[in-house]
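Please model the complete structure; the sequences and the hints are all you need to start from.
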Amino acid sequence: MTTPLLEVKQLKKYFPQLGGVTGRKVLSEVKAVDGVSFTVNRGETLGIVGESGCGKSTMGRTILKLLEPTSGEIFFDGNDITNLSPKEMIKYRKDMQIIFQDPFASLNPRMKVFQIIEEPLINFGVKDKESRKRRVIEVAEQVGLTQAQLNRLPHEFSGGQRQRIGIARALISKPKFIIADEPVSALDVSIQSQVLNLMRDLQKEYDLTYLFISHDLSVIKHFCDRIGVMYLGKMVELTDKNSLYTNPLHPYAQSLLSSLPKSHPDEKKERIVLTGDVPSPSNPPTGCTFHPRCFSCMEVCKNVEPAFIEVEKDHFTSCHLYPNSAELQNKSIEKESVVHV
Amino acid sequence: MFAYILRRLLHMIFVIFFISLLVFFSIRLTGDPAAVMFGAGEPTAEAIEALNERLGLNEPLYVQYGLFLKGMLMFDFGESFRSGASVATMIFERAGATLALALGGLVVAMLIAFPVGILSAVYRGKFIDFFGRIFSLIGISFPNFWLGIMLILIFSVTLGWLPASGYDGFSSLILPSVTLGLILSGILARLIRSSMLEVLNQQYISTARSKGIKEWKVVIKHAFRNALLPTVTFLGLQLGALLGGTVIIEQVFAWPGIGRLIVDAINQRDYPVIQGGVIFLAMIMVLVNLLVDISYSFIDPRIKAGKAGG
Numbered sequence: 001m002t003t004p005l006l007e008v009k010q011l012k013k014y015f016p017q018l019g020g021v022t023g024r025k026v027l028s029e030v031k032a033v034d035g036v037s038f039t040v041n042r043g044e045t046l047g048i049v050g051e052s053g054c055g056k057s058t059m060g061r062t063i064l065k066l067l068e069p070t071s072g073e074i075f076f077d078g079n080d081i082t083n084l085s086p087k088e089m090i091k092y093r094k095d096m097q098i099i100f101q102d103p104f105a106s107l108n109p110r111m112k113v114f115q116i117i118e119e120p121l122i123n124f125g126v127k128d129k130e131s132r133k134r135r136v137i138e139v140a141e142q143v144g145l146t147q148a149q150l151n152r153l154p155h156e157f158s159g160g161q162r163q164r165i166g167i168a169r170a171l172i173s174k175p176k177f178i179i180a181d182e183p184v185s186a187l188d189v190s191i192q193s194q195v196l197n198l199m200r201d202l203q204k205e206y207d208l209t210y211l212f213i214s215h216d217l218s219v220i221k222h223f224c225d226r227i228g229v230m231y232l233g234k235m236v237e238l239t240d241k242n243s244l245y246t247n248p249l250h251p252y253a254q255s256l257l258s259s260l261p262k263s264h265p266d267e268k269k270e271r272i273v274l275t276g277d278v279p280s281p282s283n284p285p286t287g288c289t290f291h292p293r294c295f296s297c298m299e300v301c302k303n304v305e306p307a308f309i310e311v312e313k314d315h316f317t318s319c320h321l322y323p324n325s326a327e328l329q330n331k332s333i334e335k336e337s338v339v340h341v
Numbered sequence: 342m343f344a345y346i347l348r349r350l351l352h353m354i355f356v357i358f359f360i361s362l363l364v365f366f367s368i369r370l371t372g373d374p375a376a377v378m379f380g381a382g383e384p385t386a387e388a389i390e391a392l393n394e395r396l397g398l399n400e401p402l403y404v405q406y407g408l409f410l411k412g413m414l415m416f417d418f419g420e421s422f423r424s425g426a427s428v429a430t431m432i433f434e435r436a437g438a439t440l441a442l443a444l445g446g447l448v449v450a451m452l453i454a455f456p457v458g459i460l461s462a463v464y465r466g467k468f469i470d471f472f473g474r475i476f477s478l479i480g481i482s483f484p485n486f487w488l489g490i491m492l493i494l495i496f497s498v499t500l501g502w503l504p505a506s507g508y509d510g511f512s513s514l515i516l517p518s519v520t521l522g523l524i525l526s527g528i529l530a531r532l533i534r535s536s537m538l539e540v541l542n543q544q545y546i547s548t549a550r551s552k553g554i555k556e557w558k559v560v561i562k563h564a565f566r567n568a569l570l571p572t573v574t575f576l577g578l579q580l581g582a583l584l585g586g587t588v589i590i591e592q593v594f595a596w597p598g599i600g601r602l603i604v605d606a607i608n609q610r611d612y613p614v615i616q617g618g619v620i621f622l623a624m625i626m627v628l629v630n631l632l633v634d635i636s637y638s639f640i641d642p643r644i645k646a647g648k649a650g651g
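Protein chains in written order, with my numbering: chain A, 1 to 341; chain B, 342 to 651.
Among the clues, some could well be false.
Below, a list of computed lysine to aspartate or glutamate pairs in the DMTMM-like style, where the Cα atoms sit at most 25 Å apart [to be verified]:
#1 25(A) / 539(B)
#2 112(A) / 68(A)
#3 112(A) / 641(B)
#4 562(B) / 95(A)
#5 87(A) / 68(A)
#6 176(A) / 556(B)
I should point out that these hints are in silico values taken from the structure, not numbers from a laboratory.
Shown next, in the form of structure tokens:
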């Protein structure tokens, strides 16, 4: 088995809330990402879904080391990049890129589109001006921008076009891995599918691996191979698309999916409506962080944090409703012995 | 662009006109120049009458104002009551000194405030930031005349390196410029720090980092250039204010600038000099403002002069 392109182990990102007289005392910590582990295989698209504030975007940025992780490990292409300095990261940035959520805020308003797209090439050591220009024009055409548009400024473009610029910028260095941080949520629905289709075409062309962050279940379903569900800084369920949409295990995932509009009027629809608000990530509930809102809450949930375990094959979840890892191990041994006999 | 500048110049005419009204009538509320000019002793009524006649102060006010306006069109502000010299000439003789001091102060302020403000923002919450903020606060809190006197004591009296006062070549410009610049750099550094902090939080800074750009390049090329706009506005307005508002510094360093000219003239009720000086400063202020507005379109290509704001 080849190494996965990206492996994240127990990744944590806490934001200290400073206060006190000197402003250096840590009053509390916002646990934006709190012990997330997963892998992304080459060529696949892993979707990360969760409501706003659950730490999806923070996680994306921490993986790219745009934010320093608090603890945990990040392996990219088999290399541990967790503790690399910004300088050492530069050589990896060529291979791991990001498409940002807000196409209006993510482009420097004072640079021409050409400069925006070209700049990574300069930094990654393409010295020849002519070959840089050729590459910029090539990428621009791939994302559907004309040569004439390259001399304009970002504010002259619509949201969809600006996102195309963002995609071109991310692609220019021919990366292996792209984190798409809600790439279409700022766009009109009609433009969303255009951009998604573009991203899919580019995936084939560039042999890309995506980590696709979104709060939109329909978009995730359309676009991803495997899906991770996040709640309050933790991954609560991780599995392939079909198992998640047909057989969600975690109560949070179940309630999320029940909010999906059904396309057929006769289709049975049971809406699970959660009560209460998402608790503050600076003071998460004890035990399972979901227990105050959970419709299957048990006594154990209030005190013991459930482990993130493989309940079915390639289907991970962290919930006390499912047998604990010890039992699970026994089960799999039984299965194996059956096979042997 | 051309139409915009023309429109702004038209604006300027109105502004200057209203200022001329204000200056002309308000100084005439302050007392009789003839009485002041005689100073000590008791002048006879005839002597005062004769003086008023000579200075043209016996004419009705509207006639005096009309003559003043007429002269102004040709940049002729009349002659000083006291010395009899042409006011326009007096102003131009002093404009150089004022401009040198204002620019000197700005240059010193920028040399100090740019690095302090940028470093403060980049190392927010760290020691450098703490130092930078303390520095800004000190700069803002110092009375500038006190700082000027201290600098004179240290560098002129004790060390003897620089001239204490006067307007005589580059070396005499250093102390007043540094005094002015230090005070100004406090506010400027704060402004740069806060606008840098705002820009550094923008998403395109993350974009720049993800491009693999060296951090200092992110700060200068992507962040600082975008943070420059409020700074330029401030500097422009300051330049205008410095041209007329450095009276105290001019006093401390015996600097022959326009500010001192006007203050002396007010004390002596030297109407033409006051009027000419104030009008001149107002014109400079309006022009500097116009230049700042035009410069926006160079700094920020999104702003096309005349389209935004107007």
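For each hint, the structure was consulted:
1. 25(A) / 539(B): holds (24 Å)
2. 112(A) / 68(A): violated (30 Å)
3. 112(A) / 641(B): Given pair residue 112(A), residue 641(B) holds - Cα atoms ~12 Å apart, limit 25 Å.
4. 562(B) / 95(A): holds (23 Å)
5. 87(A) / 68(A): It holds: about 13 Å lies between the C-alpha atoms, which stays within 25 Å.
6. 176(A) / 556(B): Satisfied, since the Cα-Cα distance of roughly 23 Å is no more than 25 Å.
The structure fails hint 2 only (numbered hints given earlier).
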